[in-house]
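Asker: Sequence:
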Amino acid sequence: MAEAPLRLVCDDRFAEFLAGALRLESFFPEFRAIHVDKCFPRSGLYAYPDGYHVVEQGERGRDIYVIYSGWVEIVQSLGSAGAGLARLGPGDILGEIALLRDGVRVATAVAGGQAQIFRLVFADNQYLLQHNPALCQHLAALAAERLGS
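Residues in the sequence shown are numbered consecutively from 1, following my numbering.
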């Protein structure tokens with residue numbers, strides 16, 4: 001069994017990166033590390049070991065993930081076969097389809113190398129989704145693109 005992800009400490013450089021990825025500029029013109037913990041107390045930046053399944057196809061969950069470094073391979077099981085759908089890297093978000101639909105993961109995300117990924121817990125994301133139309137539009141566009149609609 002793969003070792004568990006290790007929680008990392010966020011710095012101001014990461015906070016700036018996260019603000020851009022989540023379209024937080026209108027909320028926080030100067031988003032800093034201290035804001036990450038205050039705004040997202042249940043969420044965090046983690047180092048995922050190579051081969052770790054960040055999310056598993058078929059499981060329930062509405063957390064979304066923002067890749068800070070490294071990469072994630074998105075694979076989907078089709079009966080007894082599997083297909084690689086995409087390789088996501090820094091700045092990419094995953095988990096948006098389950099968030100916006102029924103909460104069931106449509107694919108498995110496997111960490112490559114020592115991927116550093118911010119897990120944005122659903123409970124921390126509610127206010128953001130209700131008050132940040134730019135993020136909602138971005139997530140909806142990602143989901144539509146990845147679903148081929």
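Wrong hints could be hidden among the right ones.
Distance windows between CB atoms, simulated [as the list claims (entries may be wrong)]:
(1) Ala144 <-> Val9: 27 to 37 Å
(2) Gly58 <-> Gly148: 18 to 28 Å
(3) Gln76 <-> Pro41: 15 to 25 Å
Mimicking DMTMM-like on lysine to aspartate or glutamate, the simulated pairs with C-alpha atoms at most 25 Å apart in a straight line are [as the list claims (entries may be wrong)]:
(4) Lys38 <-> Glu59
(5) Lys38 <-> Asp124
(6) Lys38 <-> Glu25
(7) Lys38 <-> Asp11
No lab work stands behind these hints: they were computed from the structure. For glycine and all other residues, C-beta sits at the position ideal for the given N, C-alpha and C.
Asker: Now, for every hint given, state plainly whether the structure supports it.
Answerer: Hint check results:
| no. | hint | in the structure |
| --- | --- | --- |
| 1 | Ala144 <-> Val9: 27 to 37 Å | holds, 35 Å |
| 2 | Gly58 <-> Gly148: 18 to 28 Å | holds, 20 Å |
| 3 | Gln76 <-> Pro41: 15 to 25 Å | violated, 33 Å |
| 4 | Lys38 <-> Glu59 | violated, 28 Å |
| 5 | Lys38 <-> Asp124 | holds, 10 Å |
| 6 | Lys38 <-> Glu25 | holds, 16 Å |
| 7 | Lys38 <-> Asp11 | holds, 13 Å |
Checked against the numbered hints given earlier, the structure breaks hints 3, 4 and satisfies all the rest.
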